[in-house]
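If you read the sequences in order, they're chains X and A. At position 177 of the first sequence (counting the first as 1) the number is 177 in our numbering, and the numbers step up by one without a gap. At position 211 of the second sequence (counting the first as 1) the number is 211 in our numbering, and the numbers step up by one without a gap.
Keep in mind that the hints were calculated from the coordinates and are not lab data. All residues carry an ideal CB built from backbone N, CA and C; glycine is no exception.
Simulated pairs of lysine-lysine, BS3-like, Cα-Cα distance not exceeding 25 Å:
hint	chain 1	residue 1	chain 2	residue 2
1	A	7	X	7
2	X	7	A	23
3	X	207	X	244
4	X	217	X	244
5	A	244	A	72
6	X	77	X	217
7	A	244	A	217
8	A	7	X	23
9	X	7	X	23
Pairwise CB distance ranges, derived in the manner of DEER restraints:
hint	chain 1	residue 1	chain 2	residue 2	range
10	A	28	X	13	22 to 28 Å
11	A	76	X	51	50 to 56 Å
12	A	51	X	26	32 to 38 Å
Covered, in the sense of this in silico footprint (three residues per stretch, anywhere, with C-beta under 8 Å from a C-beta of chain X), are these stretches of chain A:
hint	segment
13	13 to 23
14	224 to 232
2 protein chains.
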Amino acid sequence: MEYHIEKIRYRNGVIEIRYPIHKILFRGRSRYQDILVVESIFGKMLILDGVLQLTTYDEEIYHKALVSPTFKKGFKKILILGGGDGGAAYQLSLIDPDLDIDVVDIDPMVTEVVKKYIPEVYRDVFSLENINLINRDAFEYVREYNGKYDMVLGDLTDYRYEDQIGSDVNILYSIDYLNDVKRILNSDGVVTYHVGGVILDRENVIKIYNIFREVFKYVRIYGVYIPSFLDIWCYISGSDNPIKIGGEPIIYDVSQLLGL
Amino acid sequence: MEYHIEKIRYRNGVIEIRYPIHKILFRGRSRYQDILVVESIFGKMLILDGVLQLTTYDEEIYHKALVSPTFKKGFKKILILGGGDGGAAYQLSLIDPDLDIDVVDIDPMVTEVVKKYIPEVYRDVFSLENINLINRDAFEYVREYNGKYDMVLGDLTDYRYEDQIGSDVNILYSIDYLNDVKRILNSDGVVTYHVGGVILDRENVIKIYNIFREVFKYVRIYGVYIPSFLDIWCYISGSDNPIKIGGEPIIYDVSQLLGL
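Turn these sequences into a full structure, and let the hints steer you where they fit.
Below, the structure written as structure tokens:
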């Protein structure tokens, strides 16, 4: 049996989680990263640079929790940083099919691979007229953009422990970058990033929370259990207006997860 | 590096979780089971027959979630099935120090080992006059008991997949046994069992839920995230009166878990 292994630094050790792989559907390397699609016990898995990104089993939980709790009625124009798999844009289109959505993902190969091998997540969402895929570096895009968005969503690969000095990803979690993001945000707008597991990425989550607090007047953190990540996944929202977190808490309603 | 490995059947495969072990504190075999106490990243771990039972890192979350959400004001006399580590009895004593608590655990060696190696969980609770440890088979104890309890808590080792025909543990999850438990329950009383992870023990949880529904007029299921189990742990309550689940949902309050 082949496994996909997640190694997670936690306190003074490393937990390993071994997911059995039933079949490899795609393995390749883009200009930016290793891309792997496998069949496993949570359905299909997309794995980038060895780190699990999404599964067909529960990507809806993940993406809904990213886009909906801080969405405000009246929002029109949304920017998604990352999100080239289409899942976040799709969930937004369910909230309001007329939203103007820009998805800025550096790696077109992720989109191609998801389109071909995980169409149940891709859902052909970028063929819609008001959902635009822009293959650019999210850092440069925000720096050069002169308009305004109502909402900015960080659907990026995780902040990386090991690259403290400045990986291409980590810069998108910096105070400077978030100030740049704030510059292109309407005054009642909100920025929401997914930031990792409450337990398994604890230090990173706290670090990013504190970065948000440096940039925004109001910061909220919320979470939802993502089965395939085996953790309560955290989302951090920043705004200069008070943030209301919508949606129902589900920890006391596991009956839904069990189909009872 | 040595690991404690949890192998969890899930859908059509097995997930392995590998917890690094820093030090073995105790390893032995009682008449009933293998007992292991180790130092790991979640503090000390108690492992019975190769299955993680509790960690010092989060046993309070587990035990509080077992004893408090279905506790009703006015309850006086409580029976704990299993619970020889003292953790559940201790959490009950915090709710009301005058409760009359009987803990029926078959294996005195578990208590001895926890007393010596995990005193921060044991807390010398059985030296209190109104908390009684009874080293007997919980099956026989309930069958032969003639009094009444206000609350019965199942703090047992998990139902076992592989022993479909009748392991010593599985019988305590049977319709016949729960009818016996109901016989010694006051009419407004409640039975609450911990039953496993919402994801990782899904089939068992549903099975036990359905067993409770055969026995009790009202059945509720609730859950709480237990970090060291990497899952939302489920608790099932049965009663012939409507059950109110107390306590606060915590899924939207991860800030507490993060110490923010």
